[in-house]
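Student: Those protein sequence lines, which keep their order, are chains A and B. FYI, in this note's numbering the residues of the first sequence are 1 to 207. FYI, in this note's numbering the residues of the second sequence are 1001 to 1104.
I should point out that these hints are in silico values taken from the structure, not numbers from a laboratory. Just so you know, even glycine gets a beta-carbon here, dropped at the ideal spot from N, CA and C. Treat each hint with caution, since some may be false.
Pulled a few chain A residues facing chain B out of the computed Cβ check, cut under 7 angstroms [what the hints assert, rightly or not]:
no., residue
1, Val100
2, Leu130
3, Leu150
Mimicking DMTMM-like on lysine to aspartate or glutamate, the simulated pairs with C-alpha atoms at most 20 angstroms apart in a straight line are [said to hold, decoys possible]:
no., chain 1, residue 1, chain 2, residue 2
4, B, Lys1019, A, Asp4
5, B, Lys1093, A, Asp4
6, B, Lys1019, A, Asp125
Label-pair ranges, simulated between beta-carbon atoms [said to hold, decoys possible]:
no., chain 1, residue 1, chain 2, residue 2, range
7, A, Phe5, B, Phe1067, 39 to 47 angstroms
8, B, Ser1070, A, Ala7, 39 to 47 angstroms
9, A, Thr135, B, Asn1065, 19 to 27 angstroms
10, A, Gln193, B, Leu1052, 33 to 41 angstroms
11, B, Asp1078, A, Glu47, 49 to 57 angstroms
12, B, Ala1014, A, Pro64, 28 to 36 angstroms
13, A, Arg95, B, Ser1056, 46 to 54 angstroms
14, B, Asp1078, A, Gln193, 51 to 59 angstroms
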Amino acid sequence: METDFAAFESEMESALTRLDDLFPEPSSESDESAVSFDVAAYTQVDETSPEGQLLALIHEAETPEAEKPVSFGISETVSGGLDKAREEFGAFMERINRDVLNFAHVESGTADSPVAATRINWTGDALTVLSAGATPDDLRDHSETLRHELMSRNLRLRMFSTVTIAAGKISLALTTPGSAILALPMAYQYVSQLSKQWQAFQSLNQN
Amino acid sequence: MATPEIKEALKNVATEVAKYVKDAAVLTVKTQTVEVGAKAEPSLAAESTIRLDGDSTTTLPVSTNDFGKSEVDSVIYDIHMQNVQAAIDYRSKIIQSVIDVLLP
Chain A
1 METDFAAFES
11 EMESALTRLD
21 DLFPEPSSES
31 DESAVSFDVA
41 AYTQVDETSP
51 EGQLLALIHE
61 AETPEAEKPV
71 SFGISETVSG
81 GLDKAREEFG
91 AFMERINRDV
101 LNFAHVESGT
111 ADSPVAATRI
121 NWTGDALTVL
131 SAGATPDDLR
141 DHSETLRHEL
151 MSRNLRLRMF
161 STVTIAAGKI
171 SLALTTPGSA
181 ILALPMAYQY
191 VSQLSKQWQA
201 FQSLNQN
Chain B
1001 MATPEIKEAL
1011 KNVATEVAKY
1021 VKDAAVLTVK
1031 TQTVEVGAKA
1041 EPSLAAESTI
1051 RLDGDSTTTL
1061 PVSTNDFGKS
1071 EVDSVIYDIH
1081 MQNVQAAIDY
1091 RSKIIQSVID
1101 VLLP
């Protein structure tokens, strides 16, 4: 299924709105310390929802090491959700780094019979080399492949900007010193879970 | 990826994002043609330069038709303009994401 950028954009906006609902900003009259995370305040959130899983990660990060349940090894906890989130965010960051440090390179045709090649850097400067024998259909296919590659890059960067904004909101709920950096993997997991839910919902509607 | 590596990856992206703002003033799209199998270098067929202030320049190939008039090669023109549009769309969306990262 072709991803629609406008739909993705609205998914990302909605992720941030839902996060605002989860962590409402304290009113000016209330005590500022009310921002800190309070498990009891969120008991009505469905544990399996993206919000529920985010709260579980926050709880895991806020729980002192000594109080964490140990299952197999000295530092291996039963849930391990935070480790998984960190690993997945790491893979995403590697991809983003590749996008911003390298050219997008799209080639069409075969090694024996190349049709076209386009190299485009992340600021958009593009160089296309066309084979003299390429037909209009070949060139249309090449343009379509290029468009798809650029769309993928745009979507990843849009997701990255959403994750950084979401991490800023989540970090307000983290009180343990040094845990703010963990807001990024948590935000990534939250946003990607919401995105998966939307995609599943869309494919249900299309079937 | 451990926490120090996440910090390093973020630093790399932040550096590239800052550099992006400097490099974003001009967008250049070039289209070249080449004879497959020949050892000739690709030759420039069309080039567009679009500046942030809105000025843009496009150089297109023309040939003289049977009536002695110059006409643009429509196949090259179409693919080049598609590439220009793709580059503009790509850049505008990237700029929006960069703004979101820098000014959330």
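Student: Which numbered conditions among the earlier hints are violated in the structure presented, ordered from lowest to highest?
Tutor: Of the numbered hints, 4, 13 and 14 do not hold.
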